[in-house]
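K.L.:
Between the sequences and the hints, there should be enough to build the whole structure, so can you do that?
Residue numbers (UniProt numbering), protein chains in the order written: chain W, 1 to 314; chain X, 1 to 118; chain C, 1 to 402.
In short, the hints are calculated from the structure, not lab data. Check the hints yourself; a few may be wrong.
Pairwise CB distance ranges, derived in the manner of DEER restraints [unchecked claim]:
{"hint": "1", "chain 1": "W", "residue 1": "Phe11", "chain 2": "X", "residue 2": "Ala25", "range": "11 to 21 Å"}
{"hint": "2", "chain 1": "C", "residue 1": "Arg39", "chain 2": "W", "residue 2": "Ala19", "range": "24 to 34 Å"}
{"hint": "3", "chain 1": "X", "residue 1": "Tyr61", "chain 2": "C", "residue 2": "Arg305", "range": "30 to 40 Å"}
{"hint": "4", "chain 1": "W", "residue 1": "Ala46", "chain 2": "C", "residue 2": "Arg283", "range": "41 to 51 Å"}
We put the beta carbon where it would ideally sit given N, CA and C, even for glycine.
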Amino acid sequence: MAEHPPSWAVFALPVLLAAVALVTAGADALLAAGARAGPARSPREAAARAAAPARGVLRELVRQPRRTRAADVALVRVGAALLPVAAMLAGVVLPLGFRSVSDLPEGVVWYNAMEALAWAAVWLAGWGPNSALSLIGGYRFLAQGLAYEVPHMLAITTAALGAESLRVGGVVDAQSGLWFAVWMPAAFGIHLLSALAMAFWGPFDRPAGRDVAGGAAAELSGVDRILLLGGRWLLLVVAAAMSVPLFLGGGHGPLLPGWAWTVVKTAAVLAFLLWARRRVPALRMERWTEAAWVVLTPLAVVQALVVAVVVLHR
Amino acid sequence: MRTSDWQPVLVLLVPAVAGVFLLHALSAAVRPVREPLRTGPFLGGLEPREHALSRFHVRWYPVTMVFLAFDMEMLFMYPWVRVVTAVGPSAVVEMFLFLGILLAGVLYAWREGALRWT
Amino acid sequence: MDLRGRIVRAALGRPRVLAAVSAGATERRLAVEAELARRGWPCAAAPAEADLLVVAADPGPGTAGAGTADWVARLWEAMPAPRARVPLADAGEAAAVLDHGLAELRRRGGARHGGGHRGGHAPAPPAGSPDSPQDPDGPHAGHDSGLVDGLPLAGRADDRDGLRLDRLHLPLGPALPDWPAGLVLRVALQGDVVQRAAVEADPPGPGRLPFWNEPWLRAAAGERVARGEAARRLCAAHLDSLGRFFAVTGWPDLAARARYARDRALGGAGAAELSALVRPLTRRARGSRTLRWLTAGVGVLPAGRARSLGVAGDAHGRMLGWLDAVARAASACDDGAPLAADPAVGPRGPVHGPVPASRALLDALPGLLEGAEFACARIVVASLDPDLDELARAPLPGAAHG
Numbered sequence: 001m002a003e004h005p006p007s008w009a010v011f012a013l014p015v016l017l018a019a020v021a022l023v024t025a026g027a028d029a030l031l032a033a034g035a036r037a038g039p040a041r042s043p044r045e046a047a048a049r050a051a052a053p054a055r056g057v058l059r060e061l062v063r064q065p066r067r068t069r070a071a072d073v074a075l076v077r078v079g080a081a082l083l084p085v086a087a088m089l090a091g092v093v094l095p096l097g098f099r100s101v102s103d104l105p106e107g108v109v110w111y112n113a114m115e116a117l118a119w120a121a122v123w124l125a126g127w128g129p130n131s132a133l134s135l136i137g138g139y140r141f142l143a144q145g146l147a148y149e150v151p152h153m154l155a156i157t158t159a160a161l162g163a164e165s166l167r168v169g170g171v172v173d174a175q176s177g178l179w180f181a182v183w184m185p186a187a188f189g190i191h192l193l194s195a196l197a198m199a200f201w202g203p204f205d206r207p208a209g210r211d212v213a214g215g216a217a218a219e220l221s222g223v224d225r226i227l228l229l230g231g232r233w234l235l236l237v238v239a240a241a242m243s244v245p246l247f248l249g250g251g252h253g254p255l256l257p258g259w260a261w262t263v264v265k266t267a268a269v270l271a272f273l274l275w276a277r278r279r280v281p282a283l284r285m286e287r288w289t290e291a292a293w294v295v296l297t298p299l300a301v302v303q304a305l306v307v308a309v310v311v312l313h314r
Numbered sequence: 001m002r003t004s005d006w007q008p009v010l011v012l013l014v015p016a017v018a019g020v021f022l023l024h025a026l027s028a029a030v031r032p033v034r035e036p037l038r039t040g041p042f043l044g045g046l047e048p049r050e051h052a053l054s055r056f057h058v059r060w061y062p063v064t065m066v067f068l069a070f071d072m073e074m075l076f077m078y079p080w081v082r083v084v085t086a087v088g089p090s091a092v093v094e095m096f097l098f099l100g101i102l103l104a105g106v107l108y109a110w111r112e113g114a115l116r117w118t
Numbered sequence: 001m002d003l004r005g006r007i008v009r010a011a012l013g014r015p016r017v018l019a020a021v022s023a024g025a026t027e028r029r030l031a032v033e034a035e036l037a038r039r040g041w042p043c044a045a046a047p048a049e050a051d052l053l054v055v056a057a058d059p060g061p062g063t064a065g066a067g068t069a070d071w072v073a074r075l076w077e078a079m080p081a082p083r084a085r086v087p088l089a090d091a092g093e094a095a096a097v098l099d100h101g102l103a104e105l106r107r108r109g110g111a112r113h114g115g116g117h118r119g120g121h122a123p124a125p126p127a128g129s130p131d132s133p134q135d136p137d138g139p140h141a142g143h144d145s146g147l148v149d150g151l152p153l154a155g156r157a158d159d160r161d162g163l164r165l166d167r168l169h170l171p172l173g174p175a176l177p178d179w180p181a182g183l184v185l186r187v188a189l190q191g192d193v194v195q196r197a198a199v200e201a202d203p204p205g206p207g208r209l210p211f212w213n214e215p216w217l218r219a220a221a222g223e224r225v226a227r228g229e230a231a232r233r234l235c236a237a238h239l240d241s242l243g244r245f246f247a248v249t250g251w252p253d254l255a256a257r258a259r260y261a262r263d264r265a266l267g268g269a270g271a272a273e274l275s276a277l278v279r280p281l282t283r284r285a286r287g288s289r290t291l292r293w294l295t296a297g298v299g300v301l302p303a304g305r306a307r308s309l310g311v312a313g314d315a316h317g318r319m320l321g322w323l324d325a326v327a328r329a330a331s332a333c334d335d336g337a338p339l340a341a342d343p344a345v346g347p348r349g350p351v352h353g354p355v356p357a358s359r360a361l362l363d364a365l366p367g368l369l370e371g372a373e374f375a376c377a378r379i380v381v382a383s384l385d386p387d388l389d390e391l392a393r394a395p396l397p398g399a400a401h402g
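P.N.:
This is the structure in structure tokens:
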């Protein structure tokens, strides 16, 4: 068990998460601009392309907020703000090296509970503006939740089962030898898929898809837009970072200190997700739900069974 | 002074929520037009005939029922992971029998076409 | 300059642009999109995220009951401040117009407005005059149930699964992202499933040649047109359709690549460069099992109907058709031989048919959309990609240079 972190860590966490989200979004913007207009001709141009998300935040700050006709403003406000707040609260159990802001005894459940708040957040933000396209976006996320959540819960339970602990620190300790990703590959893969799905990003971006003009975000401008779209990046970062302690051995690794291994592994997971999203089209839930229930859920159960048998004979 | 593992969580709620209010305040301070814009919903430029808020028909309604069963199951599974070795093989047999029954339900729902809706 | 003004200026350095494009303005739309990509300015999907409105729309009759000026005005009213609006009359002026728009945006953003200026602006008149000259399914229940903010709530109607459910009537278009310019679909939605759909096509203003058919029309009018020029146009037209198709199916990376290749084709790239751009695109789209799984069986046309339209049976097949044509056209775009006047077959079909090819595509739409989920409906529209420029009156021979 690691010692407690300094008390300022609580205030450093939101700043750190926001910074990582901004860097990740910048890398994605760089890739996107390269696809649309060819490779950058100068480092200066590349920097300007990567700065697009930061500029976007500044741009939304100076913009007027919108109220659509007969909108439920309170719901929009709450929904948009809930997403980043939930992502940060989930980040409490993320260890940097071997120390997290708070290594809760039920850390895995806490992460699951906070991440599930996205259901409420996106639906509220989609329902609130009284606009058909944004309503469709909000409901798309609920359908998506029904598809990804069960395999996701089974996957993180499998990691907890491997360590026989719901404490994230305990899961990391159990991986001082073999990483869980090696002997629970299905659970690891499912966790990465659900990281994309809960952040409604990449191949799971239909709740905020361009075909519904931005879906749940279609009617938002100003701070509400920053919160909802920034919140999804935060959620992506937290979920991707969570796969490091759960499956990739956390801070364990040779030579480098624990915190450095966490940083390297998190960056690798995020880079993989950024690459992977460019290789596949978006998954529509009316096709994906079937695959999630008929393939992923039984697969996750079998994976849990294998791990349970191994744990019994350890 | 730290009294509980949950204390930092409560403390974190403060900067997180304060950050939301700070952004709103900052925006109000710098943006050229403070009052919100009142406008209609966007559908491509034309106006709809009714309000969008309605009893939205979700075709995936049966999936929510299947989901609920698994969601309940997770309530048992989380505490279960901590006692597997302590209880022994019977814990594993019981849990996976339960999961097997639920999966049979999924197969039934699949055969009935509840997992596809267009 | 004060700090606030400086922040606003910095924030507006690369504005998000919404293009209001009517039928007949394809060339201007392409010029704006290419210029935005060159500058790295983002394209807005909705007025809520737009700073700058570029109006590439001819004053026209518009769809029945809602003239072009009306929907452009609604887009403008839906954009939050600071905002600017610039007209684009000619494709060659795209760069200058964007510069002007940026200057205008910065000017407006610098000034601080008091209460009520644009903030308390009254919403577009909702009640009484909804944009619904044609009701796809006659009068419906619910109008008597009382108005909220000038609009009624949704009424109920029978549904495809034998239930009685709330039904929304929506006009989709003409300015949705990745949507054929000028197309308006009047749909009745239950949940996100299209119950009924009616097409209203906004014809282009007089005197505009359909941009994508131009080489064939000019050749038919007796002008000497190189075969390579026609191949280049065909290649760009299908790449444009592919860009929309990929954007709508949620594959922004391929959409961006298709549009980059399209801009290069129109910008005069050689056959070697174009083929090199097109080859990886074709390989990835063709090889994607996920894309096949998601789009095969969407928008299925009966074999006879598909043949008469000159397209494949489902959305995935239609995409493959475009990929084939693009690859062939890309390698032929340096061909200097003269284009034969006959047969004149453009990107969508014969350019001189008794009925414009795009009219037939539009007529096929309602049947395909009924019962489709919203995302599938968008894919169906994108996979047919009717070109409303073709709905112009039969072009006069000799009036070829638009």
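K.L.:
Each of the hints needs a verdict: does it hold here or not?
P.N.:
Each hint, compared with the structure:
no. : hint                           : in the structure
1   : W:Phe11 / X:Ala25: 11 to 21 Å  : 18 Å, holds
2   : C:Arg39 / W:Ala19: 24 to 34 Å  : 27 Å, holds
3   : X:Tyr61 / C:Arg305: 30 to 40 Å : 34 Å, holds
4   : W:Ala46 / C:Arg283: 41 to 51 Å : 26 Å, violated
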